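In the order they appear, the protein sequences are chains A and B.
For the first sequence, my numbering gives the first residue as 1, with consecutive numbering after it.
For the second sequence, my numbering gives the first residue as 1, with consecutive numbering after it.
Honestly, the hints are just simulated from the structure, not real lab data.
For clarity, every value in this text was computed on a predicted model and none was experimentally measured.
Backbone N, C-alpha and C fix where the C-beta goes; we use that ideal spot for every residue, glycine too.
Incorrect hints may appear among the rest.
Listed below are several chain A residues computed to face chain B (Cβ distance under 7 Å; list not exhaustive) [said to hold, decoys possible]:
1. E222
2. Y468
3. R489
4. Y493
5. D495
6. W496
With a straight-line cut-off of 25 Å between C-alpha atoms, the simulated SDA-like cross-links for lysine to any residue are [as the list claims (entries may be wrong)]:
7. K229(A) to S414(B)
8. K55(A) to D473(B)
9. K525(B) to A129(B)
10. K55(A) to K381(B)
11. K55(A) to Y433(B)
There are 2 protein chains.
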Amino acid sequence: MITGKNYLGNTLSSKGSKTYKTFNPQLNIENTHTFYEATSDEINEAVELAAFAFKSFRHTSGLQKAKFLNAIADEILALDDELISVYCSESGLPEGRAKGERGRTVFQLRSFAELVADGSWVDATIDTAVPDRQPLPKPDIRRMNIPLGPVVVFGASNFPLAYSTAGGDTASAFAAGCPVIVKSHPMHAGTGELVASAIVKAAEKTNMPKGVFSNLNSSGIEVGVQLVKHPDVKAVGFTGSIRGGRALLDRAAQREEPIPVFAEMGSINPVVMLPNALNNRANDLAKTFASSITLGTGQFCTNPGLIIGIKGTDLTHFISLLAEEILKIEPSCMLHPNIYGAFESNKARALAQAELTVVANYSTNVQENYARQAITTVEGKTFIANTTLHQEVFGPFSMVVQCENSDQMEAVISNLEGQLTGTLIADDEADKYSNIISALQNRVGRVIFNGAPTGVEVCPSMVHGGPYPASTDSRFTAVGVNSIKRWVRPFSYQDWPNNLLPDELKNSNPLEILRSVNNESTNQKIL
Amino acid sequence: MITGKNYLGNTLSSKGSKTYKTFNPQLNIENTHTFYEATSDEINEAVELAAFAFKSFRHTSGLQKAKFLNAIADEILALDDELISVYCSESGLPEGRAKGERGRTVFQLRSFAELVADGSWVDATIDTAVPDRQPLPKPDIRRMNIPLGPVVVFGASNFPLAYSTAGGDTASAFAAGCPVIVKSHPMHAGTGELVASAIVKAAEKTNMPKGVFSNLNSSGIEVGVQLVKHPDVKAVGFTGSIRGGRALLDRAAQREEPIPVFAEMGSINPVVMLPNALNNRANDLAKTFASSITLGTGQFCTNPGLIIGIKGTDLTHFISLLAEEILKIEPSCMLHPNIYGAFESNKARALAQAELTVVANYSTNVQENYARQAITTVEGKTFIANTTLHQEVFGPFSMVVQCENSDQMEAVISNLEGQLTGTLIADDEADKYSNIISALQNRVGRVIFNGAPTGVEVCPSMVHGGPYPASTDSRFTAVGVNSIKRWVRPFSYQDWPNNLLPDELKNSNPLEILRSVNNESTNQKIL
Numbered sequence: 001m002i003t004g005k006n007y008l009g010n011t012l013s014s015k016g017s018k019t020y021k022t023f024n025p026q027l028n029i030e031n032t033h034t035f036y037e038a039t040s041d042e043i044n045e046a047v048e049l050a051a052f053a054f055k056s057f058r059h060t061s062g063l064q065k066a067k068f069l070n071a072i073a074d075e076i077l078a079l080d081d082e083l084i085s086v087y088c089s090e091s092g093l094p095e096g097r098a099k100g101e102r103g104r105t106v107f108q109l110r111s112f113a114e115l116v117a118d119g120s121w122v123d124a125t126i127d128t129a130v131p132d133r134q135p136l137p138k139p140d141i142r143r144m145n146i147p148l149g150p151v152v153v154f155g156a157s158n159f160p161l162a163y164s165t166a167g168g169d170t171a172s173a174f175a176a177g178c179p180v181i182v183k184s185h186p187m188h189a190g191t192g193e194l195v196a197s198a199i200v201k202a203a204e205k206t207n208m209p210k211g212v213f214s215n216l217n218s219s220g221i222e223v224g225v226q227l228v229k230h231p232d233v234k235a236v237g238f239t240g241s242i243r244g245g246r247a248l249l250d251r252a253a254q255r256e257e258p259i260p261v262f263a264e265m266g267s268i269n270p271v272v273m274l275p276n277a278l279n280n281r282a283n284d285l286a287k288t289f290a291s292s293i294t295l296g297t298g299q300f301c302t303n304p305g306l307i308i309g310i311k312g313t314d315l316t317h318f319i320s321l322l323a324e325e326i327l328k329i330e331p332s333c334m335l336h337p338n339i340y341g342a343f344e345s346n347k348a349r350a351l352a353q354a355e356l357t358v359v360a361n362y363s364t365n366v367q368e369n370y371a372r373q374a375i376t377t378v379e380g381k382t383f384i385a386n387t388t389l390h391q392e393v394f395g396p397f398s399m400v401v402q403c404e405n406s407d408q409m410e411a412v413i414s415n416l417e418g419q420l421t422g423t424l425i426a427d428d429e430a431d432k433y434s435n436i437i438s439a440l441q442n443r444v445g446r447v448i449f450n451g452a453p454t455g456v457e458v459c460p461s462m463v464h465g466g467p468y469p470a471s472t473d474s475r476f477t478a479v480g481v482n483s484i485k486r487w488v489r490p491f492s493y494q495d496w497p498n499n500l501l502p503d504e505l506k507n508s509n510p511l512e513i514l515r516s517v518n519n520e521s522t523n524q525k526i527l
Numbered sequence: 001m002i003t004g005k006n007y008l009g010n011t012l013s014s015k016g017s018k019t020y021k022t023f024n025p026q027l028n029i030e031n032t033h034t035f036y037e038a039t040s041d042e043i044n045e046a047v048e049l050a051a052f053a054f055k056s057f058r059h060t061s062g063l064q065k066a067k068f069l070n071a072i073a074d075e076i077l078a079l080d081d082e083l084i085s086v087y088c089s090e091s092g093l094p095e096g097r098a099k100g101e102r103g104r105t106v107f108q109l110r111s112f113a114e115l116v117a118d119g120s121w122v123d124a125t126i127d128t129a130v131p132d133r134q135p136l137p138k139p140d141i142r143r144m145n146i147p148l149g150p151v152v153v154f155g156a157s158n159f160p161l162a163y164s165t166a167g168g169d170t171a172s173a174f175a176a177g178c179p180v181i182v183k184s185h186p187m188h189a190g191t192g193e194l195v196a197s198a199i200v201k202a203a204e205k206t207n208m209p210k211g212v213f214s215n216l217n218s219s220g221i222e223v224g225v226q227l228v229k230h231p232d233v234k235a236v237g238f239t240g241s242i243r244g245g246r247a248l249l250d251r252a253a254q255r256e257e258p259i260p261v262f263a264e265m266g267s268i269n270p271v272v273m274l275p276n277a278l279n280n281r282a283n284d285l286a287k288t289f290a291s292s293i294t295l296g297t298g299q300f301c302t303n304p305g306l307i308i309g310i311k312g313t314d315l316t317h318f319i320s321l322l323a324e325e326i327l328k329i330e331p332s333c334m335l336h337p338n339i340y341g342a343f344e345s346n347k348a349r350a351l352a353q354a355e356l357t358v359v360a361n362y363s364t365n366v367q368e369n370y371a372r373q374a375i376t377t378v379e380g381k382t383f384i385a386n387t388t389l390h391q392e393v394f395g396p397f398s399m400v401v402q403c404e405n406s407d408q409m410e411a412v413i414s415n416l417e418g419q420l421t422g423t424l425i426a427d428d429e430a431d432k433y434s435n436i437i438s439a440l441q442n443r444v445g446r447v448i449f450n451g452a453p454t455g456v457e458v459c460p461s462m463v464h465g466g467p468y469p470a471s472t473d474s475r476f477t478a479v480g481v482n483s484i485k486r487w488v489r490p491f492s493y494q495d496w497p498n499n500l501l502p503d504e505l506k507n508s509n510p511l512e513i514l515r516s517v518n519n520e521s522t523n524q525k526i527l
């Protein structure tokens with residue numbers, strides 16, 4: 001049941017007078033529930049509860065954290081149709097997508113449960129003592145990862161479940177042993193509250209400390225700013241726009257104690273199409289990319305916003321096929337009138353540029369908030385010179401850059417800002433384009449061969465991040481179990497008594513985890 | 001031979017007119033060589049060379065990088081007496097210390113050589129494809145660490161070799177595949193140039209790309225600031241004061257593309273002495289800590305600047321023994337008149353505080369630049385209330401905090417800023433003080449049991465870092481092979497052709513490294 005209130009730990013609270021409603025973009029009307037924006041006192045209470053909860057939560061065993069994470073997954077599934085229907089009413093996305101995203105969210109939670117139940121993730125590293133070493137004895141030193149402290153999570157508009165309240169940031173922070181305060185996304189505050197209620201139920205059922213989780217409503221930036229400035233907050237996770245992520249990064253950097261901000265932000269995800277591939281399978285490529293560009297109404301952070309090829313009849317042919325294919329696709333609803341409005345104005349600004357040629361522009365009338373896809377094309381030289389063309393148009397939009405040759409393709413890539421992904425489409429020719437591969441590697445977090453960048457597999461080898469502004473710190477990933485590393489720090493015990501060490505570092509290795517002992521990877525005990 | 005010039009890659013350069021000399025604090029006179037501060041053009045040239053060198057250096061094999069690192073170690077040893085004598089003349093430190101630090105520097109370089117020659121450090125993680133997975137096929141994804149790009153290193157005044165030109169930051173950056181530009185420390189510019197010449201020789205002998213290393217002289221902050229602002233610089237390593245490190249962190253955060261800064265800064269390294277230990281072995285403890293406080297004239301970043309105990313006759317007895325022991329120690333020379341001057345004024349300010357009781361203050365006349373050690377004591381309540389007492393006095397100085405009880409000791413620790421280390425001195429009593437252990441863990445990067453915090457072992461389990469301001473990012477360490485993680489980012493290949501993958505990720509595992517394949521740790525090939 002949606003109350004519109006904040007969760008301060010397990011307690012519902014609505015002390016403020018500022019309220020707002022969410023919006024159904026399909027029906028183009030406001031939804032019925034009223035949400036109470038968190039007050040300054042409520043924000044402080046949530047953070048103080050989190051700081052207090054951290055004292056015990058950071059010592060919670062992996063098995064207990066696994067129970068908590070699995071219970072969250074169970075409680076989310078138990079929300080059943082109510083969650084799916086609220087999700088659809090607040091996002092304009094279809095039921096199939098809602099269910100798919102719920103599945104992903106549950107899978108993420110269970111993946112982290114598995115990770116911490118096993119326990120090897122703490123990267124236990126042991127160097128045993130050498131008392132007779134000359135000139136000085138070598139001490140016994142043992143290291144493992146420990147949690148940073150309370151984490152503030154800002155969810156994404158475009159993934160109300162998988163990158164929001166109980167999404168990857170929250171799941172990885174809980175797995176690390178960090179309490180979480182979610183700044184709820186105003187566009188799906190109802191979905192957020194339902195998921196928050198599931199987390200609260202799970203926390204109660206598995207005896208987690210009060211304050212391990214809070215959910216704060218807000219329609220503007222004030223709540224988020226106050227959270228990031230609070231001295232008891234120790235890290236921030238964010239998924240969204242470059243402007244929003246950078247503002248939080250700057251605030252965090254200005255604190256007396258600067259804290260890490262991991263923000264996953266914008267990306268245009270360049271796709272390089274090599275000549276043989278264009279010659280052999282322009283038709284298939286046009287179909288694949290028309291579909292990838294419009295997937296989720298173009299609202300995926302891995303949306304292919306830039307296609308790069310070498311000028312010629314094959315590329316010209318591909319462009320016309322892509323235009324034909326994309327115009328066959330029925331427009332679909334965007335998440336919110338604001339996002340729709342931004343898409344329309346960014347698209348209009350792009351289409352108005354004299355340097356661009358419009359090759360597809362869906363022009364039939366559509367429902368309110370439905371995005372009409374467009375494809376443009378531009379010369380390589382022009383693209384390199386005009387960096388405003390490098391900006392993301394969030395929605396079903398892409399630009400084909402026509403280059404003189406492989407060197408110019410390399411220059412186009414090298415002049416891009418950091419990107420989440422880069423794609424290479426090639427037929428028995430990739431080995432001749434090592435300059436392109438190198439250039440892509442230098443600008444992105446993940447390269448894809450002969451596929452579409454949309455679709456981010458949740459697995460240990462995934463990197464969802466990349467050089468700024470794809471993310472604020474390319475040394476971490478937002479997706480996959482390694483995303484836990486954002487919220488932990490290594491910690492060493494020197495000559496510490498065995499009985500006072502955490503189980504992960506005891507001689508007997510009671511958790512039977514994989515450890516590095518004197519440079520050997522082993523799950524054996526130390527004799 | 002010292003020329004006083006900058007190394008721009010392998011080329012000596014002195015285009016500027018601003019010069020300076022180093023200082024011999026033992027003789028209290030300037031040294032003879034004149035150093036030419038790098039000009040703006042020279043700085044840009046060094047960075048451009050580094051950016052160009054990165055294009056090939058990042059693809060250099062682990063074995064080649066190992067040869068380079070070992071050659072640097074060899075060339076440093078070949079500098080022989082000249083290096084030791086210049087080191088001593090620029091630091092006031094004795095020959096034994098110079099040789100010990102050279103040994104540590106060489107050991108660090110060889111440790112990184114071993115790490116990259118093996119190659120497992122890239123954390124190769126492979127999830128193989130599942131083409132028939134429902135509802136969607138699972139792609140093949142493979143991940144490994146790749147270097148960030150050119151790194152700027154700011155060396156420390158207090159370790160002219162081990163934390164400077166070819167110290168841990170430079171060695172780890174080279175190991176990662178990052179070119180390095182050193183902003184030479186003005187107090188030991190001659191030592192720096194000699195070591196730089198060793199790196200340049202090693203780079204030439206092992207065919208490293210020109211620009212893989214540059215060494216820039218500067219007496220002020222301008223050269224460093226210009227380096228940190230340069231768009232082709234991708235990360236910064238710093239060891240030094242909080243003020244200096246924070247200034248660089250702030251500059252880096254203000255860039256259009258913010259970059260990571262790892263600064264290891266100040267620390268007062270709290271030592272908690274529990275009652276039984278104080279009762280049983282006050283004499284030994286007084287000797288151990290008198291020696292630790294004055295080690296290297298108190299100029300170690302792990303110097304124990306704060307001793308915490310519970311008020312009573314045992315603590316009073318220990319304080320008088322510590323005073324007695326420390327006054328037996330002959331004062332020694334500080335690194336530079338500026339550092340000596342700062343020590344004397346900080347000490348004088350501390351001693352003048354009405355709330356402090358001075359228990360030892362070496363008052364006999366000494367040579368110029370020789371630091372006279374002092375010990376003070378203060379009530380727990382007073383210490384908590386007056387945060388100016390929490391500031392580091394860099395040099396042979398320590399303060400004993402007398403607490404009412406264990407709760408007040410916990411409060412003293414919890415009110416400290418982040419620290420590199422925390423020490424627990426205990427005799428069969430530590431299990432009764434879990435609150436103290438928890439509080440220490442929350443504030444420091446490494447805890448030591450019944451030892452002195454000075455002495456930082458170079459090994460994989462070492463954490464030399466900690467919560468701000470001990471370091472600017474507690475998720476990394478400055479010492480040990482894991483410090484390489486500061487300069488790398490994970491990178492994923494999706495469905496990439498096996499022949500185009502780097503060796504670390506190929507099916508055949510030609511490097512025979514340890515990899516995680518479908519969640520199993522193995523050095524086997526993939527069939």
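Numbered hints the structure breaks, given as an ascending list: Of the numbered hints given earlier, the structure breaks just one, which is hint 1.
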